[in-house]
Structure formats: structure tokens, C-alpha cells
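Between the sequences and the hints, there should be enough to build the whole structure, so can you do that?
Protein chains: 2
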Amino acid sequence: MNTMTETAALQAGADGAPVEPATPSFRDELIASGLLIDTGENGLYGRSQVFEDVVDRLNAAITHLGADQDPEVLRFPPALRRTDFEDSEYLKNFPQLAGTIHSFCGNDAGQMRLLRCLDDAMKQSDDDRDPAWMEQQKPTRLVLTPAACYPIYPVVARRGPLPAGGSTIDVLSYCFRHEPSLDPARMQMFRQREYVRLGNAEQVMAFRQMWIDRGSLLVSLLGLPVDVDLANDPFFGRGGKIVADSQRAQELKFELLIPVANADSKTACLSFNYHMDHFGGIWKIKCDDGSTAHTACVGFGMERITLALLKHHGLDVNAWPDEVRALLWGDTRARIEHGLKESGA
Amino acid sequence: MNTMTETAALQAGADGAPVEPATPSFRDELIASGLLIDTGENGLYGRSQVFEDVVDRLNAAITHLGADQDPEVLRFPPALRRTDFEDSEYLKNFPQLAGTIHSFCGNDAGQMRLLRCLDDAMKQSDDDRDPAWMEQQKPTRLVLTPAACYPIYPVVARRGPLPAGGSTIDVLSYCFRHEPSLDPARMQMFRQREYVRLGNAEQVMAFRQMWIDRGSLLVSLLGLPVDVDLANDPFFGRGGKIVADSQRAQELKFELLIPVANADSKTACLSFNYHMDHFGGIWKIKCDDGSTAHTACVGFGMERITLALLKHHGLDVNAWPDEVRALLWGDTRARIEHGLKESGA
Numbered sequence: 000m001n002t003m004t005e006t007a008a009l010q011a012g013a014d015g016a017p018v019e020p021a022t023p024s025f026r027d028e029l030i031a032s033g034l035l036i037d038t039g040e041n042g043l044y045g046r047s048q049v050f051e052d053v054v055d056r057l058n059a060a061i062t063h064l065g066a067d068q069d070p071e072v073l074r075f076p077p078a079l080r081r082t083d084f085e086d087s088e089y090l091k092n093f094p095q096l097a098g099t100i101h102s103f104c105g106n107d108a109g110q111m112r113l114l115r116c117l118d119d120a121m122k123q124s125d126d127d128r129d130p131a132w133m134e135q136q137k138p139t140r141l142v143l144t145p146a147a148c149y150p151i152y153p154v155v156a157r158r159g160p161l162p163a164g165g166s167t168i169d170v171l172s173y174c175f176r177h178e179p180s181l182d183p184a185r186m187q188m189f190r191q192r193e194y195v196r197l198g199n200a201e202q203v204m205a206f207r208q209m210w211i212d213r214g215s216l217l218v219s220l221l222g223l224p225v226d227v228d229l230a231n232d233p234f235f236g237r238g239g240k241i242v243a244d245s246q247r248a249q250e251l252k253f254e255l256l257i258p259v260a261n262a263d264s265k266t267a268c269l270s271f272n273y274h275m276d277h278f279g280g281i282w283k284i285k286c287d288d289g290s291t292a293h294t295a296c297v298g299f300g301m302e303r304i305t306l307a308l309l310k311h312h313g314l315d316v317n318a319w320p321d322e323v324r325a326l327l328w329g330d331t332r333a334r335i336e337h338g339l340k341e342s343g344a
Numbered sequence: 000m001n002t003m004t005e006t007a008a009l010q011a012g013a014d015g016a017p018v019e020p021a022t023p024s025f026r027d028e029l030i031a032s033g034l035l036i037d038t039g040e041n042g043l044y045g046r047s048q049v050f051e052d053v054v055d056r057l058n059a060a061i062t063h064l065g066a067d068q069d070p071e072v073l074r075f076p077p078a079l080r081r082t083d084f085e086d087s088e089y090l091k092n093f094p095q096l097a098g099t100i101h102s103f104c105g106n107d108a109g110q111m112r113l114l115r116c117l118d119d120a121m122k123q124s125d126d127d128r129d130p131a132w133m134e135q136q137k138p139t140r141l142v143l144t145p146a147a148c149y150p151i152y153p154v155v156a157r158r159g160p161l162p163a164g165g166s167t168i169d170v171l172s173y174c175f176r177h178e179p180s181l182d183p184a185r186m187q188m189f190r191q192r193e194y195v196r197l198g199n200a201e202q203v204m205a206f207r208q209m210w211i212d213r214g215s216l217l218v219s220l221l222g223l224p225v226d227v228d229l230a231n232d233p234f235f236g237r238g239g240k241i242v243a244d245s246q247r248a249q250e251l252k253f254e255l256l257i258p259v260a261n262a263d264s265k266t267a268c269l270s271f272n273y274h275m276d277h278f279g280g281i282w283k284i285k286c287d288d289g290s291t292a293h294t295a296c297v298g299f300g301m302e303r304i305t306l307a308l309l310k311h312h313g314l315d316v317n318a319w320p321d322e323v324r325a326l327l328w329g330d331t332r333a334r335i336e337h338g339l340k341e342s343g344a
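As given, the protein sequences belong to chains A and B, one line each in that order. The first sequence begins at 0 in numbering that gives the first Met the number 0 and counts up one residue at a time. The second sequence begins at 0 in numbering that gives the first Met the number 0 and counts up one residue at a time.
Simulated from the structure, these hints should not be mistaken for laboratory data. Worth double-checking, as some hints may not be accurate.
Because identical chains share one entry, a pair is satisfied inside a single copy or across any pair of copies.
Said to hold, decoys possible - 27 Å max Cα-Cα, derived DSS-like pairs, lysine-lysine:
1. 285 x 122
2. 137 x 283
3. 340 x 285
4. 240 x 137
5. 240 x 285
6. 122 x 283
7. 91 x 122
8. 122 x 137
9. 91 x 137
10. 122 x 240
11. 252 x 91
Predicted model, so just to flag it, every value in this text is computed and none were measured.
In C-alpha cells form, the structure reads like this:
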């Protein structure tokens, strides 16, 4: 797969004829600079040490931003138990995005068949290879994590009722979504950091408003434009629009949008989600008064925020504005605490 | 799934009758202490903040241990391009361990069928659910990373010949292996940190010997027993024993083994692997003189080393020996540099 050719194709004219791009795309620049490493697959990139360092420093800033909430820190591998995934109703809304994990469970004869299929396929060019060898792959009991908070609900449910004030949990995970794209901000595998609040409706709505304020504070301290807007998830199929309209009418989802890949369109870099009692009902998570728990989360798209910084402040991290460098590589804690105090967020 | 029942079953007598375990298993202790979080699926655990802090500190120690090698730091998501995975010949050796990623690619009618299958399955108990809804899942172009170094070979190959001294690369990734187990040291998803050396045979063999010495140094500084032994990979099928014998005869793999789950058996916590020109040949990685590159790697099992520490020094990290605490949470760099100087490793 040739990246330049593909990018040019994306920029083809209305008649389909390739148009020489006036400037290299942001994706091309990221790859040429070595910040992202092309794997040949759209939406799957390696990250350089510089890129990872920005992600690490952003994570530290987000930790300070939420420290007064005394969250429980939990970390999960990027997969869920399949039955938990099935229970979550993700397949009702986003079947096209999920990734299930399959393995070979056969014997010697099965492996011989598999290798013969594979040998035939490998006579073709990479993009034309027939995946017939995968017909023997059987479903395992694991599904890739679609959003960082999914593993926590069944775990919290098993602990019994929430404490009186509810719970706040801090998670971070690689997530998978099957949406190969040339937009570097739309990866198939990316990291989400989340704070998740479980409690009654009032606690959870207050949490979401606080994080709209705190997320906006962080983004403004990073020298990026702040634009929070009502949003909806990409629900599947013909019925999807109705569900999306309903989600908007109920104001369940807000996003903080920043131009990343180009100036004309904006990318959701943070999201602020109220799930009502959806997860609480599925897993029978109870408040201390016996009522079904409501939940909300704030999600930080770690790659997307990093890409927004690279787009707005340039690919040379050392040349970023002093204030932004001081926030990330200086006394991060003091600057975050000062920002919280000044803004009241 | 009931963990206690399963653990008891593992400890069943020869006649299959359950035997009351004299003491809780290490797995039970890890879960009861909250260091690992049970997901209900063998080999898939959440990690507590304390567990993750140990992993982070180990990673810092490993960074200092390799700093004088000036490695290139690259980080990849936990998946490979499928064609690269196919090229790697992993399916010849370990088809049973690989995890391929599949997605739903159908339309509204397909989703309706999927949801009907799923509704039927959900009438059963978790363990009896029929995964028939997954029959519509189609292979994607991604496969889960089986070992942290796999993504780098095709990337390095595309850069052209290696520099004169060869290359050293630092990688870290979650890896997947389909081997559900009650042994907490045998996870389905776990992190490997690796240094990978690419160069001529002499450079690569010197690297491996250096890392046998440095890995042993780290483990002794951690207050753990050092036992390095010749080893082989778990090659699949009837022919697997022949390949394993050949690997041993050629002394391609060594492991550093530490008792983890119990005192009677040892777990490979580090491995030291010489691939000869296997990866170099597949991806046509060339040395500066045009010869095919040889490769070797040292792999640190991050969860396994953490579990070894918890087994040998106790579940209360604050009560670990002073020397171990000083290494991990004190001046890690100075202690590692001192250890390297003293040992000549």
C-alpha cells in the first residue's frame, strides 16, 4: 500500500482524476517527521519516543486535573470477556466497529490445511491475498475493548452496592474500532483515558458538568481552541438516525472539538457522556439506597489531543509555546492546580 | 465462572474428587488483595494502581539498564498488519496461540440476524452461550501482536540497509496468546518490554550474551533467584518436538526462570532469543555490507516479573526489602549504573 498514492486518491478531483496535492497532508507530514510510523495499514501506526512522551505528559496533567476526586485507578488489558461485551448491547448500536478475537483450535491436519491456504494466498500481492486460511479460526471468549470504561461495569457490579457518595474510577486502555481511515485522528487502535462516575443521577450529572469545565480548562491551558458542542454516537444502520436524534434530544453526549487533520473539519478530542441507567441496569449496579446506579464518563482521546497539539503548535515539540511546554514538562501539578483555582472548574 | 471452584478443581485428587486446598492459591491471594481484578475469564485480569506502579518502576529500571545502548524507542498498538503476520511464519510454529481480529461487515438485515442469534444465546448461562452470532464476523486486516518485537521488522526493512553498527530498538506492547490458564503468570493479555538487536551474527550474539548478564543483574538486584537455562518455544503439533529439539541443539533460546505460582515449577520471566537470519530473511533486512541481517531480542515479561516480586517479597509492596524498594522507588538510575559497573555486565 502506497501512502502517497492513497492520499492523492483522497484528494482526487470530482471526475476521479488524481489532483496533485498542493501541500502534503498532515498524515504525510506526521509520517515523514517520524512522529507516526506507517505500518501500511490505514489507522494503524507506530509512535515515536517524542509522540509517546507527549502522551505521557498529557496523562500526568489529566491525573492532576482529577486528583481531588480521589479516583480508584484500574487498568485493564485491551480486551473484555465476550459475555460482558454481549451484555453491554454494543452490538445493537455499533456492530460495525467491534473487533472479536478468533483463534485456531484444530489439530495437525487442520494446521496443514491452514498452511496450504496461506501458501496459495501468499502468491498474490499483499492487498490481494485471500484470507481463506482464516475460515478455520474459531471465536475465543474475548472481544477487543471498544471504549476504556467497558471493563469496569461488571467488575464494580460484583462488589455489591456503591458507597454512599458513589464511585469515581480512572481507566486507560488501548481501544479498537474497525474504521480504517486516512485521517490520522481516526485510528483503529488508540488510547482513551477516562474518569467514570457511578452514583445517582444528580452526582453523575454534576460530574459531567464539572468535566466539561475541566476538560475545557485543560485544552485552553494547552493553547488549543475550545469548542464544546452537543453530539451523537455513530449508530449503525437505518434506525441509527432515530437513536442519534434521541441521544441529541436528551443531551446525553457532548464533545470538545478541535480542527486536526485540516482546518475545515473538527475532531472530537474529549467527550462527556451521560449513560443514564443503561450500564447500571444491565449489570444491576446499585446505589447505597438500592436504586439503580446512573453513570457518566469523560473520555480523553490521547492520540487525538497529541495530534491537535502537533497540528496547532507544529511538529517540533521543542518549539511549542513556552506556556504549553511549561504545562507539560514543567511543574504540571502547580499549573493545573492554579488553573482549577482561577477558573473555579 | 466461579474462581474458587475452578481453583479447587485444579487441585482435585487423582480420582477427580475435589480436594479442599490446604492454603489459598497465589491467584486467589492476588485477587483477594485487589492486586489483580478477576474478570471471570482465565488469564484476563484488571490491575490495581499498586500493581501498575510496580510495572512502571520496573520499566524505568529496564530503561536505565539499556540506556548506554542508545536504543531507538518505538511503541506500537497491540496489533499487526495481517499480511506482515502471515509473512512472519508464526502460523507454522504457533497457530494455536495467535489471535485474529474479526468484524461485522454486513447490512441492516445482517445485524437483525446477528441480534436474533445473540438474543437466543443470552437465554443460556454465561458459560453455555452459543457464539452463533459470530458466524457473520469477517476477518479484518489486523492480527493481535504475539510478541512485542513483531511490528518492528517490516518497519525497519522499509528504511533500507541498517547503519554500520546495526540497530537497537526498544519496544513495549500488550501481547495476546490464546492459552487460558489458572496460572496467574500465564495470561492471555500481558506486556512484554523488549530490546531488539539487528546486525551481523557477531553483533547480535554479543548483544544476547550481554543481556543474559544484565537481565541476571536486574533480577539479583530485585532480590530474586537467578536461574538461566536453555529453553524452547511451545511449537505446535506432532512435528513441534523436532523443531523444539533443533532449537535447543542450536542454543537459540535461553530463559531466566523464577518460581511464581508455586515453589515446584518455574516461570520464564525473561527470555533471550537469537533468531539467526529468520526475520532478516523474511523481510530482506540488510546489513550495510549487503548481507542479510541477523536479529536477537531480550524480552521482559512485565506481569511475570511483578508477580515474582509479589510472590517472593509478599503482597504488601511497602514491606518489601529495603534494597528492592530503594532500587525501584529510590535513585533507580544510580543503583542500576552502580550494578552495571560492579558486575561488568
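Numbered hints the structure breaks, given as an ascending list: Of the numbered hints given earlier, those the structure breaks are 2, 3, 5 and 10, listed in rising order.
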